[in-house]
Amino acid sequence: MASEITRVESADWRINRRFYLKFLEGLADTQIGPLYVGVWGIFALVFFAITVFVILFGYLQQVGYNPILFVREFPVLSVEPPPPSYGLKLAPLAEGGYWQIATFFLTLSIVFWLIRIWSRAIANRLRPTVPIVFSAAIFLYAAIYIIHPISMGAWNEAPGHGLRAQLVWANAFSIKYGNFYYNPFHMVSIFGLLGSCLLLAMHGATILAVTRLNAHREIDEAENSTEGTHRAQLLWRWVMGFNATATSIHTWAIAIAVVSMVAGALGVIFSGPVEPDWFQWACRAGIVPGVIQPGTTNVAACLR
Amino acid sequence: MLSFEAKYRREAMDAPGMPLLGLGLLKFWVGRFYIGFWGLVALLFGLIGAGIWFWRVVILDATRTGNPLINFVRGQIEAPSPDVGLSLTTDPSKGLWWLVVMFCATVTFIAWMMRQADISRMLKMGYQVPIAFGVAVSAWVTIQIVRPILLGHWSEGFPLGVMAHLDWLSVFGYRFFNFYYNPFHALGIALLFGSGLVLSLHGATILSAAGKKKEGVTEHNINVFYWDFLGYSIGEIGIHRLAFWTALMCVLLSNLCLVLSGTLVQDWSAFWNFWNKLPFWSGF
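In order, the protein sequence lines correspond to chains A and U. Numbering of the first sequence is given in the numbering used here, commencing with residue 1 and proceeding in unit increments. Numbering of the second sequence is given in the numbering used here, commencing with residue 1001 and proceeding in unit increments.
With the rest of the complex left out, here is chain U (with noise of 0.2 Å):
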């Protein structure tokens, strides 16, 4: 425990249980660990779901070698086929294995937001975590649930595997012409890029001041140093909502970029067509 723990651990225990459920069960902690009613949920489903993929990837494939490593990395657990639509196949040839660990992935995922939830109920924290960490949950679920029903085949989802998913990202790129053309994929990368110029400027800016009172250097050295060399300092509420912003719209563009390939959009190329024919230089 940490040394100011035990007080805030007295506070949580006597929080009121998650409202819309009405479970306060399962308060408890294992070493670090807060387990609660989701932490079990999370639990549960993760190990199904993990347990299966090693069992089928790592120790069931015919394809394995003796370097277990080699097998987690090259391994994979492939999308249902095309035939099987979006019907819940109980073939283990065709697809049930991705399927079953899709699900036990979803809700473990699900039920680690709500955890989250939970914990900064208890902290009386900001929801600011969950509502994060519910919009990388939205990608999983835009790629391999949203997609594929829009589409009409859960073989539209990506394979389970490290290099498999690779693999599948490759192809896919250029299924629709070809993703460079995509103008919200253009954009989700550039706030990607943007997250790592945002992360490195402000880690790299509060590592040049902390711990330098002693010679009087505190935050107004910092927005001196950026009107300096910017013009601008956004302030330290500012670059948490930068922060925040940056980090969600990529990825909430990315699921943008995603969900239209294939339903409205099927070239991306094409997709461009409009630009030579707008009225201001029909002429040329």
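Isolated chain A, as found in the complex (with noise of 0.2 Å):
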């Protein structure tokens, strides 16, 4: 317990080395830091530097060192993977040599975040669910940069670091895979996001309307729900039948959007290895608009 009281006796202490965004005021807090560096700090931070600088080298090199085609191009400068007929190992700097470094640096520096979080929020004497959660974005990472192109043998599945060839990537990888709306996986992602988006709406709307009843103070409300809650709770039980409670919400809220990361995972891992073309599991599926189900003979037409 000592150790402890030092703990949050030391953050206090470090709030003497804040400072105030004032445009802020009456929106939301407007303290700034201060932030914490830790050893765990430096190293991700060091290696996200890093790999920021192996990206922007890339594109430098590739405007041949002019800071106004650097610009002008950026939306469309990209650090691509190696060529296929380099499968996974290492290639030459040029030919997508760069690429690697980069994503293993930015690899290393998210793992490295994800470690400052949790200790961050273990000294802070809370549950490590935020780092939980995060782990289901690193899923969805590591699935699209690392799991996705070791299953298929080479690193030239993944995604350059570009802003465009990302939108590129995700384009071409939803056809060469068959088109992803047919992917029962992408489905579920698909659903679990635009249900997150609708979640947020529902509880961020919920509380600002009984905001003067406090009920936005929900570690209280969490403990010892009051008037506001109550009122909020009322809104949806009465409008459909169903309401949750200042502690559930929170559980419905993280629940919806890990099914959204993790179905959005296995959708990528899934595709190739286990179903090459997610047009063709639909027609065996029978779920295509306008096509007979599977059994009579115009399934034919559907399979390719």
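FYI, nobody ran anything at the bench for these hints, they're computed from the structure. Small disclaimer: the values here were computed from a predicted structure and weren't measured. Don't take every hint at face value.
Said to hold, decoys possible - Pair ranges (Cβ atoms, derived):
| # | chain 1 | residue 1 | chain 2 | residue 2 | range |
| --- | --- | --- | --- | --- | --- |
| 1 | U | Gly1231 | A | Ile68 | 47 to 53 Å |
| 2 | U | Tyr1174 | A | Ile42 | 45 to 51 Å |
| 3 | U | Val1146 | A | Ile115 | 48 to 54 Å |
| 4 | A | Val39 | U | Leu1256 | 43 to 49 Å |
| 5 | A | Leu56 | U | Tyr1174 | 30 to 36 Å |
| 6 | U | Val1162 | A | Val274 | 18 to 24 Å |
| 7 | A | Leu163 | U | Thr1063 | 51 to 57 Å |
| 8 | U | Ile1059 | A | Ser248 | 56 to 62 Å |
Backbone N, C-alpha and C fix where the C-beta goes; we use that ideal spot for every residue, glycine too.
Hints are included, so try docking the two chains, each in its own frame, into the full complex.
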């Protein structure tokens, strides 16, 4: 207990080195910092800086170190993964080596950021819920940049590091595996993503509608709910016959967000090794509009 | 009923009726549900619309199978054919049922929003919930009514079916060269992913501290946690404002990206032609 008190006191001590953003007054909390650095923070920061440096250096090389071209071409510049012929081998710098270095350090920095959040949560006597949910996002990242390329035997399967490059990858990846709109895991993932937007709007709107009764003080409300929370609960009970509580709405929140991320990751991992063509899967499942169920002749027109 | 519910029901009974329509009508509950005038409208049109959809898709569809679940996923009511234009056709083969179901759905959605406003007022709450739902309804109205009217064809609307609307979306993405080049689509998607981020961060944050009062854990621990790892803690009201506006702007920008396609912009790649012609780097 003594060490915990020390930690909180040291945190209070660091508040003396804060500064404020005046323009946020009346909108949100204004205090910036103090940032905790720590050993994991240094690792995360240095590795992320290396990633950014390698990517930007790759961009500069591509525009012949011309700063104006660098700005003009910035949205389409990309540090691309090696061509398929290199498979999973190390490639020369100009042919994907930069991508391999950048991705390696990006992965390291993300993992150290996870450790950093975890250690800060514990140091502040919180449950590690934030890092646990963050690891679902890392799973999706790993599925795209590491697991899928390794299972297909080529780093070329991963997206390039560039603004347009990610969109080009998303577009091509969908078509390469037979149109992702027919991928059931993608369907569940999008359901979770749109559901996240819906739940976020519902929760934000509900709490904002009862801030005069301090319903936004959710840690207190989770312990002992008061009038504001009761009114918010009754709103949804009367509208749709169901209501959450001040605690359980946040469980619903992380559940739908995690479903979105994990289903998305599985959809990427299964594309190729498990199902090379999701349109064919939809044909076999008999769910393509206007095509007759398997077992009848018309399904042959659907299969290619 | 919840333990505290009776008091609020009595309070709601005493609240005045809808200010615009003067309706304190049908103020009663069925089980957990409040009915009210707008509840009845929503129920009526919702049942008619959904009933017609199931009748056409699951029972009548010529390509239906023996499996109702498959019929549900695969079935559709197609949008009117292009030659119908904006006329209200009564020809079932040219999109009558699409128009009917569309009308019923739109009325249901708006009634549902009014019902939320009604309940918000009875509970002496702000109108944020019906406003947020109204923004969601605006997406439906933009895609199914405003954009088809601007282009002069009901056929621009999407077919009413689970897989069918995915097919429509897939094709729509390539009709204006490629939707990935649509900047408002990009902003909408960024805010959609942002919604996932804000939702998971907020949910996880509250769950990490809820029920730990006895150990002396309060919202102050959360503030220090965020100052520590991020350098900024947005605060208890701030996070809900961020949530509200992230979700609403996501939908509003998506409306913009859709309504511009085919009306003002035919090719989202060509849309970017101005970029290389900016005077700043015109010499290059």
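For each hint, the structure was consulted:
1. In this structure, glycine 1231 of chain U and isoleucine 68 of chain A break the distance hint of 47 to 53 Å, their C-beta atoms being roughly 33 Å apart.
2. Here the CB-CB span from tyrosine 1174 of chain U to isoleucine 42 of chain A is close to 46 Å, well matched to the stated 45 to 51 Å.
3. The hinted window of 48 to 54 Å between valine 1146 of chain U and isoleucine 115 of chain A holds, with their beta carbons roughly 49 Å apart.
4. Roughly 46 Å separates the CB atoms of valine 39 of chain A and leucine 1256 of chain U, a value that falls within the hinted 43 to 49 Å.
5. Checked against the hint of 30 to 36 Å, the C-beta distance between leucine 56 of chain A and tyrosine 1174 of chain U comes to roughly 33 Å, which is consistent with it.
6. Evaluation of the 18 to 24 Å hint for valine 1162 of chain U and valine 274 of chain A yields a pass: the beta carbon distance comes to about 23 Å.
7. The hint said 51 to 57 Å for the Cβ distance between leucine 163 of chain A and threonine 1063 of chain U, and at roughly 43 Å that hint is violated.
8. For isoleucine 1059 of chain U and serine 248 of chain A, the Cβ-Cβ distance of about 38 Å falls outside the hinted range of 56 to 62 Å, so the restraint is violated.
The structure fails to meet hints 1, 7 and 8 from the earlier list, while all remaining hints are met.
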